[in-house]
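Given the sequences, and given the hints that come with them, work out the whole structure.
This is what each chain is made of:
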Amino acid sequence: MSDQDGRVYALTMATAIKPWGQLWLPLFCNAARRFEFITAPLRRLAFIRAAHWTIIHAVPDGKGGWQPLRPPQFLFESNYDVDLGPYIDTFAQALPWHMRGVWASGYGYPGVIPTDGFHRWVNEHRFTADHYWCAYPEATAKMVEAGLKIADRLRDFEAAVKTVDDEGFALEYDRLLIELQRYL
Amino acid sequence: MTVELLTLLTPIVPGRTADLRQTLRRLPTGNESPFAGVPRTHTARWVVLEHFGMGDPARRRRLDPALLLFSAAFDGPLEPWLEDLRAGLGPTAEEVWSYCSRWPGTAGGTAFANWLLEHRVHHTLPFLGNPDATRTQIEDGQQLRQKLMDFTVWAHREQRSPAELRKGYEQAVSGAEVPELS
Chain A
2 MSDQDGRVYA
12 LTMATAIKPW
22 GQLWLPLFCN
32 AARRFEFITA
42 PLRRLAFIRA
52 AHWTIIHAVP
62 DGKGGWQPLR
72 PPQFLFESNY
82 DVDLGPYIDT
92 FAQALPWHMR
102 GVWASGYGYP
112 GVIPTDGFHR
122 WVNEHRFTAD
132 HYWCAYPEAT
142 AKMVEAGLKI
152 ADRLRDFEAA
162 VKTVDDEGFA
172 LEYDRLLIEL
182 QRYL
Chain B
1021 MTVELLTLLT
1031 PIVPGRTADL
1041 RQTLRRLPTG
1051 NESPFAGVPR
1061 THTARWVVLE
1071 HFGMGDPARR
1081 RRLDPALLLF
1091 SAAFDGPLEP
1101 WLEDLRAGLG
1111 PTAEEVWSYC
1121 SRWPGTAGGT
1131 AFANWLLEHR
1141 VHHTLPFLGN
1151 PDATRTQIED
1161 GQQLRQKLMD
1171 FTVWAHREQR
1181 SPAELRKGYE
1191 QAVSGAEVPE
1201 LS
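So the sequences go chain by chain: A and B.
Under my numbering, the first sequence has 40 at position 39, and the numbering climbs by one with no breaks.
Under my numbering, the second sequence has 1120 at position 100, and the numbering climbs by one with no breaks.
Check before you lean on any hint, since a few could be wrong.
Claimed, not checked - In silico DSS-like pairs for lysine-lysine, Cα to Cα no more than 25 Å straight-line:
| hint | chain 1 | residue 1 | chain 2 | residue 2 |
| --- | --- | --- | --- | --- |
| 1 | B | LYS1167 | A | LYS150 |
| 2 | B | LYS1167 | B | LYS1187 |
| 3 | B | LYS1187 | A | LYS163 |
| 4 | A | LYS143 | B | LYS1187 |
| 5 | B | LYS1167 | A | LYS163 |
| 6 | B | LYS1187 | A | LYS150 |
| 7 | A | LYS163 | A | LYS150 |
As the list claims (entries may be wrong) - Derived list of chain A stretches under chain B, where covered just means 3 residues or more per stretch with a C-beta under 8 Å from a C-beta of chain B:
| hint | stretch |
| --- | --- |
| 8 | 53-61 |
| 9 | 69-80 |
| 10 | 86-100 |
| 11 | 109-115 |
| 12 | 133-144 |
Claimed, not checked - Estimated spans, in silico, between C-beta atoms of each pair:
| hint | chain 1 | residue 1 | chain 2 | residue 2 | range |
| --- | --- | --- | --- | --- | --- |
| 13 | A | GLN182 | B | PRO1034 | 51 to 61 Å |
| 14 | A | ASP157 | B | GLU1184 | 46 to 56 Å |
| 15 | B | ASN1134 | A | ARG176 | 50 to 60 Å |
| 16 | A | TRP98 | B | ASP1170 | 51 to 61 Å |
| 17 | A | ASP157 | B | ASN1134 | 19 to 29 Å |
Keep in mind that the hints were calculated from the coordinates and are not lab data.
None of these values were measured; they are calculated from a predicted model.
Idealized CB from N, CA, C, for every residue including glycine.
In structure tokens, the structure reads:
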């Protein structure tokens, strides 16, 4: 039982949606899918590998059908790099209106700031994973990003140094290092 | 977008929830996890759900039947990955999902995939940090980053001639394996 594999954490939570949220959330989520500026701050935070929100209107009944869920639930699953406390605090400070947009229609939502109440609400609605796994558990999202940038740049570097002499190589290597130092 | 996300909710046979939970918690973790044998998979989880609305007694809803949530991020497309999942999990797929209702078994590949997809829930809002990077690209990137860091430390430990620098780079970064750099 663990919500952690190496440096990667899992969060699984579900909150009951108020009636107005059943109208609002699809609109908000649809806008976030269409307009990148809404999710851009999430990308800038750079500690989320993958996250998804799902409105659950019905669940399997065990007889081959689905039974309605009243009220519907908003299921959130995330894979991220920091412990839950800093994760919530960072979100609350950096993305307060996004947080309100996503969670305010949940029953019992206490507001984002101060974060104590929100933290408690998340803990009350979270499930602990019974099994969790990540393919590259020691690489943070920033390290993943850095590795991809380095791989890209090295392809160009190796093409550029194919035809130069050793002095030319040393010069290209210096340039490479200057460009990549923040990723090392 | 290369990376895809999947979430399934499968109904647990009544009375078997505790056994399933025990089975899941006994699975080896980390490199020994059964998911480690499933190619093209980035992350995966199994979570037993018995209630919704846990923190709010007035709205606490017991799920009947209880549900097994499975979700994963993987390199698409979906159908071949489901076959990878069946083959890669091996007996663990049977061991876990056989606690769920109407489980068809893993013998017929199509029945397994169809059963899983019957229980899929579609995400309202997905978000991926690196949606276009395959697992192999990410793992290769991590190896290259480490090799370049090791080489950089070596290169700056003492004065290297351009020829030494080139030879060191070719051995340490371009090579298939990082040699011992003195």
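What are the numbers of the hints that this structure violates, sorted from low to high? Of the numbered hints given earlier, those the structure breaks are 4, 10, 11, 14, 16 and 17, listed in rising order.
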